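Student: Sequence:
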Amino acid sequence: MSGFISRLRTLAAATLGIFAMASVQPAMSEEIRIGYQKSSTLTAILKTNGELEKALAPLGVTISWHEFTSGLPLLEAINIGSIDFGADVADTVPIFAQAAGAKLAYVAEEAASPAAQAIVVPQSTTIKTLADLKGKKIAVTKGAGSHYLLLAALAKSGLSFKDITPAYLTPADGRAAFVSNNVDAWVAWDPFLTSALHQTKGRILSDGSNGLASYKRYYLASAAYADKHAEVLNVIFTKLAATGKWVKAQPKDAATLLAGLWGIDAAIVEEANSHRSYQVGAVTGPGLSEQQRIADAFHAEGLIPVKLDTTTIKIWSPKGS
Numbered sequence: 502m503s504g505f506i507s508r509l510r511t512l513a514a515a516t517l518g519i520f521a522m523a524s525v526q527p528a529m530s531e532e533i534r535i536g537y538q539k540s541s542t543l544t545a546i547l548k549t550n551g552e553l554e555k556a557l558a559p560l561g562v563t564i565s566w567h568e569f570t571s572g573l574p575l576l577e578a579i580n581i582g583s584i585d586f587g588a589d590v591a592d593t594v595p596i597f598a599q600a601a602g603a604k605l606a607y608v609a610e611e612a613a614s615p616a617a618q619a620i621v622v623p624q625s626t627t628i629k630t631l632a633d634l635k636g637k638k639i640a641v642t643k644g645a646g647s648h649y650l651l652l653a654a655l656a657k658s659g660l661s662f663k664d665i666t667p668a669y670l671t672p673a674d675g676r677a678a679f680v681s682n683n684v685d686a687w688v689a690w691d692p693f694l695t696s697a698l699h700q701t702k703g704r705i706l707s708d709g710s711n712g713l714a715s716y717k718r719y720y721l722a723s724a725a726y727a728d729k730h731a732e733v734l735n736v737i738f739t740k741l742a743a744t745g746k747w748v749k750a751q752p753k754d755a756a757t758l759l760a761g762l763w764g765i766d767a768a769i770v771e772e773a774n775s776h777r778s779y780q781v782g783a784v785t786g787p788g789l790s791e792q793q794r795i796a797d798a799f800h801a802e803g804l805i806p807v808k809l810d811t812t813t814i815k816i817w818s819p820k821g822s
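Numbers in our numbering are just positions in the sequence shown, counted from 1, shifted up by 501.
Since the hints were made in silico from the structure, they are not lab data.
Some clues are possibly wrong.
What the hints assert, rightly or not - In the DSS-like style, the derived pairs of lysine-lysine whose C-alpha atoms are separated by at most 25 angstroms in a straight line are:
| no. | residue 1 | residue 2 |
| --- | --- | --- |
| 1 | LYS820 | LYS740 |
| 2 | LYS749 | LYS555 |
| 3 | LYS555 | LYS740 |
| 4 | LYS702 | LYS635 |
| 5 | LYS746 | LYS555 |
| 6 | LYS663 | LYS629 |
| 7 | LYS629 | LYS702 |
| 8 | LYS729 | LYS555 |
Here the structure is a predicted model, which means the values were calculated and not measured.
Work the whole structure out from these sequences, hints included.
Tutor: What follows is the structure, given as structure tokens:
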């Protein structure tokens, strides 16, 4: 009997030891899957310097990074649950995703940067005005901010989307088509825009200035993730805002870092960054007013099948906003 009691005491002590160890172990780590594009400046910096991993570590959160060629497939990946959070996409992209029934949440925005996208044409072209785009073949990335810029520019000159032949291409393929004269014009955004203007004989026909297209960029998450992970999103929001301020305060340092990531000369990167606000802020209902105009324009042209109420999408608000 004494042997049995001894073994029981040993088992009890071991069990208590296991519980004691469990109480001091950190919580099981959780992964956030972040999607980004090559042009996702602030996210690219955070991915490189490791600052976001450091900031999320106390929460027991790790990161896996997933690169996309453009914004539309990025948001599609959020919608089907392949990623949780998406780095900046142009203002048009959530509209296409919303029209497809995606359950998304706005998390943050970058203030308007109308000069950071433009319609470019070859120097030697006969195209001198927006009206001259009639009948022309134009490279554009479907769903990108440049898509709306093209639509708004056509409308300004009395044309519709049916008056041109769109060539839906990724930024890289659009540039290749432009350089090889396989298209008459190309609608691009920075840093691709500034790089192409420096390295090809092109000129800007129109950018988004003078009220044509504000060109905001948005950060989004799945609605389900936003509902359950406010603490994680607060950390991400804070780091994005700080990184945006750093890019504007230290333009040469930021350009040097990004030049290595993008394979673009640092001086060109610095010029491209001067076109972007990088001012990260909270999303508000009134601040989304242009989203409705974009949605209405796309619907009128038959580019989205349904008339949207853009206010029905979820807006996540950072702590203290």
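Student: If a hint holds in the structure, say so; if it does not, say that too.
Tutor: We went through each hint and held it up to the structure:
The hinted pair formed by LYS820 and LYS740 meets the criterion: a straight-line CA distance of about 14 angstroms does not exceed 25 angstroms. For a cut-off of 25 angstroms, the pair hint linking LYS749 to LYS555 stands: about 23 angstroms separates their Cα positions. For the given pair, LYS555 sits about 11 angstroms from LYS740 by alpha-carbon distance, which is consistent with the 25 angstroms threshold. With a CA separation close to 22 angstroms, the supplied pair LYS702 and LYS635 stays within the 25 angstroms bound.
Distance check on the hinted pair: LYS746 and LYS555 sit about 19 angstroms apart at the alpha-carbon level, within 25 angstroms; holds. Straight-line distance between C-alpha atoms of LYS663 and LYS629 comes to about 20 angstroms, which keeps the hinted pair within the 25 angstroms bound. With a C-alpha separation of about 15 angstroms, the suggested pairing of LYS629 with LYS702 holds against the 25 angstroms cut-off. This hinted pair checks out: LYS729 and LYS555 have alpha carbons roughly 21 angstroms apart, not beyond 25 angstroms.
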